[in-house]
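Add chain V to chain Y, keeping to what the hints say.
Number of protein chains: 2
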Amino acid sequence: MSKFNWIDGGSVTSVPGFRAAGVTAGFKRSGAPDFAMIASDVPANFAGAFTSCTFAAAPVQVCRKRVLESEYLRAAAINSGNANACTGATGIANAERTCELVAVRLGVKPEEVAVSSTGRIGVQMPMATIERGIDLAAAALSDKGGPTAAEAIMTTDTVPKSVALQLEIGGKTVTIGAMTKGAGMIDPAMTVPHATMLCYITTDVKADNALLRDMIGANVADSFNRITVDGDMSTNDTTIVMANGLSGIELKAGTPEAALFQEALLTVMQDLARRMVMDGEGATKFVTVKVVHSRSKENAKLCAEAVANSLLCKTAWFGGDPNWGRVVAALGYSGATFDPDKTDIYYDGMPVVRQGGDAGTPESALCGIVKQREFTVLVDQNEGDAEYWVWTSDISYEYVKINADYHT
Amino acid sequence: MSKFNWIDGGSVTSVPGFRAAGVTAGFKRSGAPDFAMIASDVPANFAGAFTSCTFAAAPVQVCRKRVLESEYLRAAAINSGNANACTGATGIANAERTCELVAVRLGVKPEEVAVSSTGRIGVQMPMATIERGIDLAAAALSDKGGPTAAEAIMTTDTVPKSVALQLEIGGKTVTIGAMTKGAGMIDPAMTVPHATMLCYITTDVKADNALLRDMIGANVADSFNRITVDGDMSTNDTTIVMANGLSGIELKAGTPEAALFQEALLTVMQDLARRMVMDGEGATKFVTVKVVHSRSKENAKLCAEAVANSLLCKTAWFGGDPNWGRVVAALGYSGATFDPDKTDIYYDGMPVVRQGGDAGTPESALCGIVKQREFTVLVDQNEGDAEYWVWTSDISYEYVKINADYHT
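One line per chain: the protein sequences are Y and V, in this order. When you number the first sequence by the working numbering, it's gap-free, plus one each residue, and the end is 408. When you number the second sequence by the working numbering, it's gap-free, plus one each residue, and the end is 408.
Since the list can't tell identical chains apart, any single copy or any two copies may satisfy a pair.
Here are the simulated DSS-like cross-link-like pairs (lysine-lysine), alpha carbons at most 25 Å apart as the crow flies:
{"id": "1", "residue 1": "K297", "residue 2": "K342"}
{"id": "2", "residue 1": "K206", "residue 2": "K65"}
{"id": "3", "residue 1": "K401", "residue 2": "K371"}
{"id": "4", "residue 1": "K65", "residue 2": "K342"}
The hints are simulated quantities; they were obtained by calculation from the structure and are not laboratory data.
The following block holds chain Y by itself, in its conformation from the complex (with noise of 0.2 Å):
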């Protein structure tokens, strides 16, 4: 048995203590469930990662107040098709007020209410859709409620991304719930927190804000800072932890109890990051890029993010090309420093590249790996110790299709 148990069908309301709801209160025209809100039955500690886009978005900014200024969180409003981003001091005071409408309707303070959003930029929010969203999602509160509010969140996802998973510590079970919503505007390639996404992670342990702060930093790290659709960012890019406490069990920085929880969180956050790229806007492939033994983990990241960002590998991925000299072109212009005579390059561990040249493998051989829908390509350096990988997806007809006609 593992020591991670995924829930099947899990999502935030599988942990104990959270109530959901996913409502159509108006924003998307289709008549979708585009309003989501999570409930904490008592006061959660919490902790923020936001976008380092310029031009944060209302929601973002309120919610970055909340993570310096709030001790919990009892609520969170997320509506879908309408991003509520340079909408000046008027999308301020609407995200400001959106909690207001939720604190008075929960019986919360203002300042325990955080607000996300995503959709269509420079639209002022329209507060009538907010307050009808406020009223129905408020009254389908629920225990059962979290696989609704992911479906909710969603824009061009194609299926709704939700997960729990459970873990054993000191005796007592622990549980962590997330949903995710993301499949374009995502790169990771940025000094940032993370790209493109609202992520929302529940879970009943306790433990203060800054040592969720502290894991929600390292784990976006390693999962969705790993990961790129298209190499944009987003203005409206949030995750948000909250934790209840009601599993009995207090984590405190530096124990294994602490270190155990912060990698269940992590594998959550990974699935997540994967799911996002799977469900990547119009891809076909997952594919990880991956480099090892490079001079530094700089080095090492600069060349797996050219690769995994270069438009030119990712058609070529999509036409089932195994075109290599387009890997090598990638790693060539990245940036890093390194040996191109001392690169070794394989496909799912098939030599494709040796010394900086042709490996001499046929290419139906490397061809009848990159058609599968999941493949490596590995860098080695044959350099150092460092190391770096990126999941990444190719850019199809569908991509182009979906950014041409969608008005985000």
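Here is chain V on its own, set in the frame of chain Y:
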């Protein structure tokens, strides 16, 4: 009358003393011309600028040696269909051998011959095909051969790119001719001379190699380094200028004559840069992204290049979608320092964003602009005096098709 006169149908052989030819050697399965030669009747001063890709192709390595060690050039041999990149010591030997064969055929020295290649990476050069190309081209060299040479260096280009112009210096006529290829693997955002392209320039001024090098270096920064199609840079990028002195006009650094000539050279290089973007793989749009009143040129450059390389912006343009949210998002993640609340954006002079928010122009008016073949996205940061511009294209279904199907 303009101070520069374009020559109708001009090419590298519009310049007295240069002959050229383009022939079918057999690199391309299509049977299209794939080998070009340029010859100078007299020793020509020269300078070059090359890719900064770590995996610089063998011909690039040979040309770099020419720039360091040779006083003059007498000829250049250029093939399409095989890049001679990632081909190790054999590749270098083959590139040197190509120069030797040209030298023997033309009665010049091997170190007076430049060599360039473009095409598939990682395949050893078929030297019998090279020999056939050299024989055919040497026999076909003519002072009318410029246009056929430009055809022979095409890969995914849909049109050959040849120009020539004349200007008066010191009462005499000076001519500049040039040809270029390049439609994909084009990106300026590198610490490099320029990107995925071959460009050969001929002229009949006399100028020493140092002056030519300074002029090419400065001009590349304001032409080929300003264009992007797909954000990828090639292993083979090369720009070479050859000056044979036959006009009787000698240029000295720091003189008004040298400045005028450099301006004419820039006019030629910008015209070719523009043609490359216009002919970008699958491109349906030509977009100028200009950032003005920025705190620094570095900031303006980060902003302009982020927008010009954003897949989301480029697919929106393809869709004729004025979506300024994507422009704002790209500015926001560019890494530049600026006040988002001071940012104004215009499409062809029409206000789109004012002080970081919607300027209120009806979407239908903006649609009318972005549906055009060509338009300008102007970002006014209202903070300083620095500016930067980039030329870019959209990303279409056709781009994906070309790059999913084409084996570089």
